[in-house]
Amino acid sequence: MTLRAERIGLLALPGLSFLAIVYALPLFMLLLKSLQIDGQFSLAEYQLFFADEFSRSVLWRTIRVALLTTLLALAIAYPTAIAMARAKGIWLSVFLVAMVLPMSVGVIVKAFAWTIIFRTRGVLNDVLMSLGITDAPVRMLFTETALIIGAANVFLPFMVLPIYAVLRQMDSRLPEAAASLGATPVFRFFNVTLPLSLPGVVAGSAFTFSLAISMYVIPSLIVGERQQTLSMLTARSFLYLRDEALGATISSILLVIAISVVLGSSWLAARLGARQ
Amino acid sequence: MTKPVRSDKGQRTYLDVVHVGKAFKGTTVMSGMDFRVAQGELVSLLGPSGCGKTTLLRIIAGLTGADTGDVVLDGRNITSLPAHKRNVSVVFQSYALFPHLSVAENVAFGLRARGAAKGDTGPSVTEALSLVRMSDFADRPIAALSGGQQQRVAVARALIVNPVLLLLDEPFSALDRKLRETMQVELKSLLRDRNMTAIFVTHDQDEAMGVSDRIAVMNAGQIEQFAAPAELYARPKTAFVMDFVGLSTRLAGRVTQVQADQIQIETAHGAVTANSTLPVGTHVTIGVRPELIAPQAGENTLEVTLTDAMVLGSKTLLHGAASEPDKLICELPGMPGGMSRGDTVTFGWSVADTLVYEVTS
Amino acid sequence: MTGTDRLFITISWMIAVCCIIFLMLPIVITVVTSFTSSAVYTLPPPEWSLRWYRSLALRAGLWDAVKLSLNLAVISTLISLVLGTLAAIAVTRGSFRGRAAIATFTVSPLMMPGLVVGVALLQFFREIGLRDAYWSLLLGHIVITLPFVMRTLLASMAAFDFSLVDAARTLGLSYPKAILQVLVPNLAPAYLTGGLFAFLASMDNYPISIFLTDARNKTLPIKMLQYLEEQPDPALAAMSSGLILLAVIVLLIGSRTVGLNRMING
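Chains as they are written, first to last, in my numbering: chain U, 160 to 435; chain X, -9 to 351; chain B, 120 to 385.
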């Protein structure tokens, strides 16, 4: 029996070695490459990157867009998750379908749909003009606002579901206990519901933020070349500019941000969890 | 059922549930519910699942609204008052302690909800924790506590706000038997010391008997009897109460003769005489408490074939062969021995001890 | 329930309904525009027509792209299901150190920027001399699908009662046979859910695929973005609607067999 227990670990080897070779190793190599110039350790590429005004603006724009997208998604997702946690029967199914179908349909379909909506001769302009809100078509495509709305739309289910999951699990007697102790609805929300929902908020926000930081298809379609994000710049470096050093550098920055977000949110979740 | 309540202490009515009705999704859970508790009384709502006891509790607490009727507490009509304004504390079956707060923070919650600043709650919390003997656990997280410890914290949390009424929903059901008995004694003395009015909800008759001044036995949304434990045991008003509280020999039968104020009843095991004036032909259920039966002939005598003789140390229970829902049970003090499965034994008891109920359904 | 409670709840319901509309809006608009008779995206369409759907049959390279995407999705998902089962058993049942780290590692590609993984793979394959686009794509898609499978399998296996496998073994089955005949069927919902989501993720993938394709091996997403640049007419809406239909079918399969709630919550 004990032999079996040790040997069981070996079962993980095929999958593990596959990922180690085809996933971890290439990433590691990429990271290494960004730290080198002509085979020698150097931070020169990073210095070049941060010194360049254009690069800095791209970095700042990427972070800004990701933050605003996350905030917008959170603002919509939180009340939605609250309603969803109380939903039963057919309404719950409606909610679930509304979350899962967009997730399953894929980024391409959704990003493309938003270009239809936002274009100058597109759906939203038609509606605005026929309602008399504007006289001339508003230029929406290629704006940062359009990008944030589109991205929030694509990532919304990833923000709603973790919060919903946590709220659903919450003991329904807790708000009742709070009420019987004299807590007003407002007090109850801020002192019971909100703190207990935080793990879901952290998980959802971390995931949304990291998706938003690294998104490529959505900005490509909605804002195009004019306002680039880090990932677009990376792709350009490799596919068009043939500047692989730059590409490796930006990729590494993206990687570091992604890893930091994961680690940071795990730490935060652990701290929240320790009190629970 | 509407005479004014006089408990042993002669206190006036404190909680008055007047003609309350409630229906869920078209099914009526209760209607015309009247229920009165005196100040300082410890009362239990006892009944099987689905009898409406928890619903009644929640209506009193303000967690569920009544469809009809009023709830009056200490002279104030609180029927339309939301739960957080009633000053009625609830201890839930699962304790409902806030997992994101420590023990001390849980206990302080009610004070903070009423506007106390975080820093001011210290002394009261310390006092409340020492009352339930949990002073050492102040900074612990809830998850680290055992069931009994959690229950004590829940009680401290409920009492620290000086509620006018304390409601407890099956507070002991999650504890194991030994612990349950200890906690019942502790809680009862704690509540008595503070002259707290409390209502327990339970399905466990031993618990109700041990903790209460009076017990309301509920069935299908109605209170069948609301009396002190001794009264419920010796003089149950309905067959349901007799079955629910304590053991009994019970037999189905039909009235065959009436003489003055006694009747003769024919059962599957023989004839039984009881004090009653029900007419001939009435279907009845008769009952006798097992300790009132002796293994010898009496005013009522039945020959019984034993299916079991349970030796329980301080007493022996003799079970006789009977088809459900009839039961033949005799309780003998001590361990007389000499009786086993298959023996024929005489069950004898007096006419005065025979309980009779008309079968209505 | 106080007035304030009711207000809270009403407001959250209103926002939730807006959210549902917001989420479904792109999908509905895509499907509606795909039936337009005009060559521009105005709504409502001047006339309903199937012309764009018919035009798909004539699209150069479209069906090759569809076939390639399906091929990659199915094969990579199947391989991931096998690798994933083995790894999940090891993590759930093994007693070696670092199990939690391995579990996190196998799910981590979900959190990594797809683009970065694509770039890394491009450079890596070039380093080791792998030039064949199809094999590069397949390896890349296994990296895409494996985390999805692992996520659901790990959760399901943690809840699985392994004494069932032990019971089978005492009744005469060898360990591998017991796994196949007891564990796998019992974990069918997890397989289905993980497999379906992995499949969809592979069909939809762009950031990794774009770096591994060549002129002759283009997956559907890549082809669609190419069409968008060259010829942005409502035929794209028709293609998107095809993908929407695929997602709907997948979800229907999932909800009939496993149930929507379980699919999402595991």
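By construction, these hints were calculated from the structure, which means they are not laboratory data. From a predicted model like this one, the values you see are computed outputs, not experimental measurements. Please note that the accuracy of each hint is not assured.
[Said to hold, decoys possible] To spell it out: a stretch of chain U is covered by chain B in this simulated footprint if at least three of its residues, at any positions, have a beta carbon under 8 Å from a beta carbon of chain B; those stretches are:
(1) 215 to 224
(2) 311 to 325
[Unchecked claim] Taking CB as the label site, the calculated pair distances span:
(3) U:D211 <-> B:L175: 24 to 30 Å
(4) U:L427 <-> B:A277: 21 to 27 Å
(5) U:A183 <-> X:K168: 51 to 57 Å
(6) U:A183 <-> B:K296: 30 to 36 Å
(7) X:R104 <-> B:D285: 53 to 59 Å
(8) X:P113 <-> U:L194: 41 to 47 Å
Here a beta-carbon is modelled for each residue, glycine too, at the ideal position from N, C-alpha and C.
Hint by hint, here is what the structure shows:
Three residues within the 8 Å Cβ limit are the bar, and the region 215 to 224 of chain U against chain B gives 0, so the coverage statement is violated. With a cut-off of 8 Å between beta carbons, the region 311 to 325 of chain U has 6 residues touching chain B; three or more are needed, and the interface restraint holds. Against the hinted window of 24 to 30 Å, the Cβ-Cβ separation of U:D211 and B:L175 comes to about 44 Å, which falls outside the hint. Hint check: U:L427 to B:A277, Cβ distance near 23 Å, so the stated range 21 to 27 Å holds.
For the pair U:A183 and X:K168, the supplied restraint of 51 to 57 Å holds, since their beta-carbon distance comes to about 55 Å. Restraint check, U:A183 to B:K296: a C-beta distance of roughly 33 Å satisfies the suggested window 30 to 36 Å. A beta carbon spacing of about 56 Å between X:R104 and B:D285 agrees with the range 53 to 59 Å that was offered as a hint. Against the hinted window of 41 to 47 Å, the Cβ-Cβ separation of X:P113 and U:L194 comes to about 59 Å, which falls outside the hint.
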